[in-house]
Amino acid sequence: MRIGLFATCLGDTLFPEAVKSTAVLLARLGHDVVFPPGQTCCGQMHVNTGYQREPVPLVRNFAEQFGDASIDAVVMPSGSCAGSVRHQHEIVAERYGDAALRAGVATVKAKTYELSEFLVDVLEVTQVGAYFPHRVTYHPTCHSLRMLRVGEKPLKLLRAVDSIDLVELPEADSCCGFGGTFAIKNAETSTAMLQDKMRNIATTGADVCTAGDSSCLMHIGGGLSRIAAGTRTLHLAQILSSTRTSPYVPTEAVR
Amino acid sequence: MSSTFLGMPATPPRSPYGTGNLRGDRTFPEAAHDELRNEQLRRNLGRATHTIRAKRLNVTGELPDWEELRDAGSALKTDTMNRLPELLEQLERKVTERGGTVHWARDGVEANEIVTRLVKATGSSEVIKVKSMATQEIGLNEHLESVGITPCETDLAELIVQLAHDKPSHILVPAIHRNRDEIRQIFLKEIPGIDPGLDNVPAHLAAAARAYLRDKFMTTKVAISGANFGIAETGTLCVVESEGNGRMCLTLPDTLITVMGIEKVLPRYQDLEVFLQLLPRSSTGERMNPYTSMWTGVTPDDGPQDFHLVLLDNGRTAALADRIGREALNCIRCSACLNVCPVYERAGGHAYGSTYPGPIGAVLTPQLAGMHAAKDDPNSSLPYASSLCGACFDACPVKIDIPSLLVELRHQHTEESGTTVEKLAMKAAAGVMKRPKLYTAAQKGAAIGRVMAGRDGKISHLPPPFDGWSDSRDIAAPPKQTFRSWLASAEGAATMRAAANEHEKNQKNQKKEEEK
Ligand code: SF4
Numbered sequence: 029m030r031i032g033l034f035a036t037c038l039g040d041t042l043f044p045e046a047v048k049s050t051a052v053l054l055a056r057l058g059h060d061v062v063f064p065p066g067q068t069c070c071g072q073m074h075v076n077t078g079y080q081r082e083p084v085p086l087v088r089n090f091a092e093q094f095g096d097a098s099i100d101a102v103v104m105p106s107g108s109c110a111g112s113v114r115h116q117h118e119i120v121a122e123r124y125g126d127a128a129l130r131a132g133v134a135t136v137k138a139k140t141y142e143l144s145e146f147l148v149d150v151l152e153v154t155q156v157g158a159y160f161p162h163r164v165t166y167h168p169t170c171h172s173l174r175m176l177r178v179g180e181k182p183l184k185l186l187r188a189v190d191s192i193d194l195v196e197l198p199e200a201d202s203c204c205g206f207g208g209t210f211a212i213k214n215a216e217t218s219t220a221m222l223q224d225k226m227r228n229i230a231t232t233g234a235d236v237c238t239a240g241d242s243s244c245l246m247h248i249g250g251g252l253s254r255i256a257a258g259t260r261t262l263h264l265a266q267i268l269s270s271t272r273t274s275p276y277v278p279t280e281a282v283r
Numbered sequence: 082m083s084s085t086f087l088g089m090p091a092t093p094p095r096s097p098y099g100t101g102n103l104r105g106d107r108t109f110p111e112a113a114h115d116e117l118r119n120e121q122l123r124r125n126l127g128r129a130t131h132t133i134r135a136k137r138l139n140v141t142g143e144l145p146d147w148e149e150l151r152d153a154g155s156a157l158k159t160d161t162m163n164r165l166p167e168l169l170e171q172l173e174r175k176v177t178e179r180g181g182t183v184h185w186a187r188d189g190v191e192a193n194e195i196v197t198r199l200v201k202a203t204g205s206s207e208v209i210k211v212k213s214m215a216t217q218e219i220g221l222n223e224h225l226e227s228v229g230i231t232p233c234e235t236d237l238a239e240l241i242v243q244l245a246h247d248k249p250s251h252i253l254v255p256a257i258h259r260n261r262d263e264i265r266q267i268f269l270k271e272i273p274g275i276d277p278g279l280d281n282v283p284a285h286l287a288a289a290a291r292a293y294l295r296d297k298f299m300t301t302k303v304a305i306s307g308a309n310f311g312i313a314e315t316g317t318l319c320v321v322e323s324e325g326n327g328r329m330c331l332t333l334p335d336t337l338i339t340v341m342g343i344e345k346v347l348p349r350y351q352d353l354e355v356f357l358q359l360l361p362r363s364s365t366g367e368r369m370n371p372y373t374s375m376w377t378g379v380t381p382d383d384g385p386q387d388f389h390l391v392l393l394d395n396g397r398t399a400a401l402a403d404r405i406g407r408e409a410l411n412c413i414r415c416s417a418c419l420n421v422c423p424v425y426e427r428a429g430g431h432a433y434g435s436t437y438p439g440p441i442g443a444v445l446t447p448q449l450a451g452m453h454a455a456k457d458d459p460n461s462s463l464p465y466a467s468s469l470c471g472a473c474f475d476a477c478p479v480k481i482d483i484p485s486l487l488v489e490l491r492h493q494h495t496e497e498s499g500t501t502v503e504k505l506a507m508k509a510a511a512g513v514m515k516r517p518k519l520y521t522a523a524q525k526g527a528a529i530g531r532v533m534a535g536r537d538g539k540i541s542h543l544p545p546p547f548d549g550w551s552d553s554r555d556i557a558a559p560p561k562q563t564f565r566s567w568l569a570s571a572e573g574a575a576t577m578r579a580a581a582n583e584h585e586k587n588q589k590n591q592k593k594e595e596e597k
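Chains as they are written, first to last, in the working numbering: chain G, 29 to 283; chain P, 82 to 597.
Treat the hints loosely; a few may be bogus.
Claimed, not checked - 30 Å max Cα-Cα, derived DSS-like pairs, lysine-lysine:
| no. | chain 1 | residue 1 | chain 2 | residue 2 |
| --- | --- | --- | --- | --- |
| 1 | P | Lys-518 | G | Lys-139 |
| 2 | G | Lys-213 | P | Lys-586 |
| 3 | G | Lys-139 | G | Lys-213 |
| 4 | P | Lys-508 | G | Lys-139 |
| 5 | P | Lys-480 | G | Lys-139 |
| 6 | G | Lys-213 | P | Lys-175 |
| 7 | G | Lys-137 | P | Lys-480 |
| 8 | G | Lys-213 | P | Lys-539 |
| 9 | P | Lys-504 | P | Lys-525 |
| 10 | G | Lys-213 | P | Lys-504 |
| 11 | G | Lys-213 | P | Lys-480 |
| 12 | G | Lys-184 | P | Lys-504 |
| 13 | P | Lys-456 | P | Lys-248 |
| 14 | P | Lys-248 | G | Lys-213 |
| 15 | P | Lys-525 | P | Lys-539 |
| 16 | G | Lys-184 | P | Lys-508 |
| 17 | G | Lys-137 | P | Lys-592 |
| 18 | P | Lys-456 | G | Lys-137 |
| 19 | P | Lys-518 | P | Lys-504 |
| 20 | P | Lys-508 | G | Lys-213 |
| 21 | G | Lys-184 | P | Lys-525 |
These are computed hints drawn from the structure, not numbers from a lab.
Remember, it's a predicted structure, so these values are computed and weren't measured experimentally.
Chain P extracted, bound-state conformation:
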């Protein structure tokens, strides 16, 4: 019998280039350049993230077993990823047994096609939507519109974003970059038949949205949702939300289509015990979210009678194939890492160019969509959009070590990039530093930097690529003497001897004291 060597398995495909919302059209520093100038945005973001930080610390601090919960969450997710194929098949079996239909989508393009086919089969040209990141990621709304189906977002913040023809800037608070005057303007312009006397009182704005949405809930036959969790053991899907609009969508229409990333599966129903504590406390800073909806397949005469689950890969298997990077799949999208991130706080969500902004976005987006799909792929700037301060790691309810993932992805980027000026410089620097003699010579060379300094001993202008530094910071001229030459000098030796003597003197004094 002959055998054929099939070779090493190829890297699983990433989200196809040019589809969905996992890539911006410019790099992070370029996008941040504009966003940083948006004073309104920075004020809104600063206020919102600080408030939510304080709330989160209150409700996580009050639980005596918070750290154990985080450990449990992390362990459960790690276990899930280790046996993802088996759990997904179990989920498929259970959902099917309970009257649902499961579809597998390799990528966003396939998922969009499946959903479109399902909606068309109902004859409806309108769908209502539960807030969902997976459908945002694949650009489902844009796709539906292109085939003549009108999607209506029902989460208040998502609705604002949709009406403004805008993109969400925060996982949990998509309209965090808008204030109420802006929201009033958007409503007046976009909601048909709205009272032209609408003011900017939050309750009035909410009431206007409610009236608009009620009508949609009562008349639309198809709903599309995402899922926070899918339970393999029972086939139960779970959506967690604050407003109740999600529940309307999940219960009123005849047909329900759920698009779920494959990493959202959990082994057992009991695991929800851990995640339903971790998620609300980390995300909105509440002990419990107002609405937790769960459904299993189809329940006769109760709720949607036609249920479809679309399991979405779109680069997740590629992430799973990375020994280190796969940890990013453990994310439960609570947004705690965004709210504590000093970079996100200044640059805002749009600078990341992806459905997933902030620290988790910086490690998830490049893995789902790749960061070398085209020349100067903007995604390759994402792992560098961090000062590695580590606040995200501390906040993450499932303990994802985001700083280490960022460093890992930076390494993958430099490995992929071939020879660059930066790489040559790094090589040269290491080449010097590994040879102490060269190194000391180079230190002397650095002292030549003194000529760049003004009479006050400060250097205020540096050439590119360091001009970004000197735009806002001075730097001292290198000192005349390095530490090592001081230590080797007569002065250094004398100083060290004096310090040692001082210790002996102190000891003697102490002894005398004791003898007395």
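Chain G with its partners taken away, still in its complex shape:
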């Protein structure tokens, strides 16, 4: 399959390891990974903060970059960006776009996937040949859980990982408190939510807390780093791309 990889602006700029892992994983599964170089940002932050005119060019750019029929699927290591493409681009195009934009949005929307749903639903694999000998707990991010309904898919993938010690996270489906600009505009409420999430993570004794979105992990990981907790965060793709021959090696500072 010819897969258009959307790095997401956050992944491209701040969390490249998660995107590298996604690219490597898809190539290792035998797919042709292409990276349209004109790609930038899906505009999610704009829409979620109340701005719908400003992201019109971003929505258009996304549709242009990935609209080409030679790209069979658009895959991204982020539930919230996939949610944005699938649910919000339409809203923006309906309101401030033209017919061409609306058509372009509909085309890309239909082939856009978050990583775990692409693996399980489209490629129909759960065993991706990963090896990860660590204690791991999984936090389902709200957008993957309730907007995309990925459900058990990430857990199916994790359960198939060789040597993993997967432990259930109590109150897993509670929001971690990130919410984009919510973490800035309502920093104190966000922090109160984060504290409860970290308390639940601590009870698992996990070395790693994983999720399918670098943004939530940035928030959870930032909190864990501040309190010098023994758990670090790691994108799901980084676990799935780790193998016996090239196991995961930590490089990032904030864990």
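Knowing the structure of chain G, use the given hints to seat chain P with the ligand on it.
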């Protein structure tokens, strides 16, 4: 014949500024700042919301057709809103036919005046009240007191709130922020003639309230209620409750005045079948609520002989005029969305500054009362009081897509706000991001953020407005290389080639296995 162009119809009026209880005196983050420090409140709220969540999931999970019921509820409400004028007129006709009197109140001020006039006409200077959000919304109690009429709340939790000179913090459990020691103190201080030896055993507290209320039921001639549903087809009003105190009010007095928001109308009697399943299961987590009272106009020699229905707009028509926002009018006030909301759970109901707190409050309040009625209107902070986690949407028995409504109201807010620093920043960001060349240059610029990091590669302090972030979270220094520059590098190309080779190797091995 000449014709006059009347222009586009103006937006219907919202609840008048400075009246009622649909606006706090400070923004959500400011109010939450104090509430978050109230440990007692957070403990009570955490315990109460978790218990009720579990109960709700039990009783909604046991129904095989729960999702169909939600769909039916949503469809019925949507249909109702689509033909609200016609249904309201039908309701008026039916109530009148059955001996009731219908009054139309454009806003809370008018409703308060109507109710006051009706109470005064009875000669009573006291009224008993059934728990009602509509009367709370318009500040009816405050208004009655100002004209010398004493209202007495009869719902136990509302009574506690009233005696404490407090405001409710939850739609369904108004005193959720109080524990029993506090309640004992309030009773000792406020109930005349109470046994000074009263302890904090819940049954004893309830008995004390009961004795106090019995006396009120027996002596008060006028009752005021809200309504959960009003049936257009028959003119029947319906109140759903747990304690039976509502029924006392609805049956014992001579005069009954019901204040009902116009969105509470339902087309047919049969529609109750759906809502009487959805409501109790979603709100208290019970299969059926203990008391469902229904009455139609006046029944000779049975119950109140003088019945008035006050139909309240107070910004509802304005909400109805909004193609997207109107969905909030479908709400049946079950409070399920509050109980699952992680923001409500931490900040509590008072932080919303309105009769309607939680997720539904964040989308209903700004629509009823507006969010740009004054400079820095606190209501404009409400649509931002959410992480958009979507738990409310999943819980809502009538499937109101609250996250989408929040995003819509945020958009309306930015559209109304003119040029702000934030808007300029958003424009600038989009301006960069739409040009890949500028974007890659900016990414390089972001790498300069590395200078802010300490030797451990962490950034622990950020300037405003990001200091709220760095108060509790570190952030990693931007990596030396972006993904795209890695991919374009020799290392990136080699890594991708190796991954593809690995696939080929695996395939070959697999083939060999198969040949064997
Ligand atoms: S919005 Fe839905 S869940 Fe919230 S109170 Fe209204 S009906 Fe209940």
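Outcome of the hint check:
no., hint, in the structure
1, P:Lys-518 / G:Lys-139, "26 Å, holds"
2, G:Lys-213 / P:Lys-586, "51 Å, violated"
3, G:Lys-139 / G:Lys-213, "34 Å, violated"
4, P:Lys-508 / G:Lys-139, "28 Å, holds"
5, P:Lys-480 / G:Lys-139, "27 Å, holds"
6, G:Lys-213 / P:Lys-175, "49 Å, violated"
7, G:Lys-137 / P:Lys-480, "24 Å, holds"
8, G:Lys-213 / P:Lys-539, "22 Å, holds"
9, P:Lys-504 / P:Lys-525, "24 Å, holds"
10, G:Lys-213 / P:Lys-504, "14 Å, holds"
11, G:Lys-213 / P:Lys-480, "27 Å, holds"
12, G:Lys-184 / P:Lys-504, "42 Å, violated"
13, P:Lys-456 / P:Lys-248, "25 Å, holds"
14, P:Lys-248 / G:Lys-213, "26 Å, holds"
15, P:Lys-525 / P:Lys-539, "18 Å, holds"
16, G:Lys-184 / P:Lys-508, "41 Å, violated"
17, G:Lys-137 / P:Lys-592, "37 Å, violated"
18, P:Lys-456 / G:Lys-137, "40 Å, violated"
19, P:Lys-518 / P:Lys-504, "23 Å, holds"
20, P:Lys-508 / G:Lys-213, "18 Å, holds"
21, G:Lys-184 / P:Lys-525, "38 Å, violated"
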